[in-house]
Structure formats: C-alpha cells, structure tokens
Amino acid sequence: MSQLEELIPILCCPETKESVTLLTAEETRRINDAIQNGVARQRNGETVTEPIDTGLIRADKKFVYPVRREIPIMLIDEAIDMESIPH
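Each residue of the sequence shown is one higher than the last, beginning at 1 in our numbering.
Simulated from the structure, these hints should not be mistaken for lab results.
Remember, predicted model here, so these are calculated numbers, not experimental data.
Keep in mind that a hint or two might mislead.
What the hints assert, rightly or not - EDC-like, lysine to aspartate or glutamate: derived pairs with alpha carbons at most 16 Å apart: (1) LYS62 with GLU83; (2) LYS62 with ASP81; (3) LYS62 with GLU27; (4) LYS62 with GLU78; (5) LYS61 with GLU15; (6) LYS61 with GLU83; (7) LYS61 with GLU26; (8) LYS61 with ASP81; (9) LYS62 with GLU15; (10) LYS61 with GLU27; (11) LYS62 with GLU18; (12) LYS17 with ASP60; (13) LYS62 with ASP77; (14) LYS61 with GLU18.
When you get a sec, could you build the whole thing from the sequences and use the hints?
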C-alpha cells in the first residue's frame, strides 16, 4: 500500500468534509486528456495546465483534488471542476 493510499481514510474535502476516493486509471486519463486539450478548469476558473498523476474525487463527484508526485493538493480553489471534463 502506498503512502497516499494510507492517507485516504483520514483525508476529506476541505470545503464540505465529504470523503474522497482515489481516481481510477480511466478517470485520471480522461482528466489528463482534458488538461492536454485545454478544457480542464479549476474551481477558481483557471485552466489546469499541469497533468496529474492521479486525484482524489469528492464523494459527490463534483471536484477532484489533484495528486502530483504522491502529494495531494487539497486546496479548494485548485480542485478540478468535473463539469469541465468531457465524458
């Protein structure tokens, strides 16, 4: 089990306190495709420019907290808005 996987049970959304789960490989691919195509947006409206290694998705599936180099970025404004990700 990775350090990230060990952290997941104690991590939660900093805004709503909802639980978070690790993205699947397919979800990560979809988000990275959207980043590459310039359509992925952060909650603050900024375009996401750096690919993610994986992410932690909120229980309601609305936002993803990016994980880069095994570090979860649990900042509300930097959460990726899943409405900006094509299905």
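Cross-check of the supplied hints:
1. LYS62 with GLU83: holds, 7 Å
2. LYS62 with ASP81: holds, 6 Å
3. LYS62 with GLU27: Roughly 13 Å between the alpha carbons, so the hint for LYS62 and GLU27 holds.
4. LYS62 with GLU78: At roughly 13 Å apart (the allowed maximum being 16 Å), GLU78 and LYS62 satisfy the hint.
5. LYS61 with GLU15: holds, 14 Å
6. LYS61 with GLU83: Since the Cα atoms of LYS61 and GLU83 sit roughly 10 Å apart, the hinted pair holds (cutoff 16 Å).
7. LYS61 with GLU26: holds, 15 Å
8. LYS61 with ASP81: holds, 9 Å
9. LYS62 with GLU15: Cα-Cα ~12 Å, so holds.
10. LYS61 with GLU27: The hint holds at about 11 Å.
11. LYS62 with GLU18: holds, 11 Å
12. LYS17 with ASP60: holds, 11 Å
13. LYS62 with ASP77: holds, 13 Å
14. LYS61 with GLU18: holds, 10 Å
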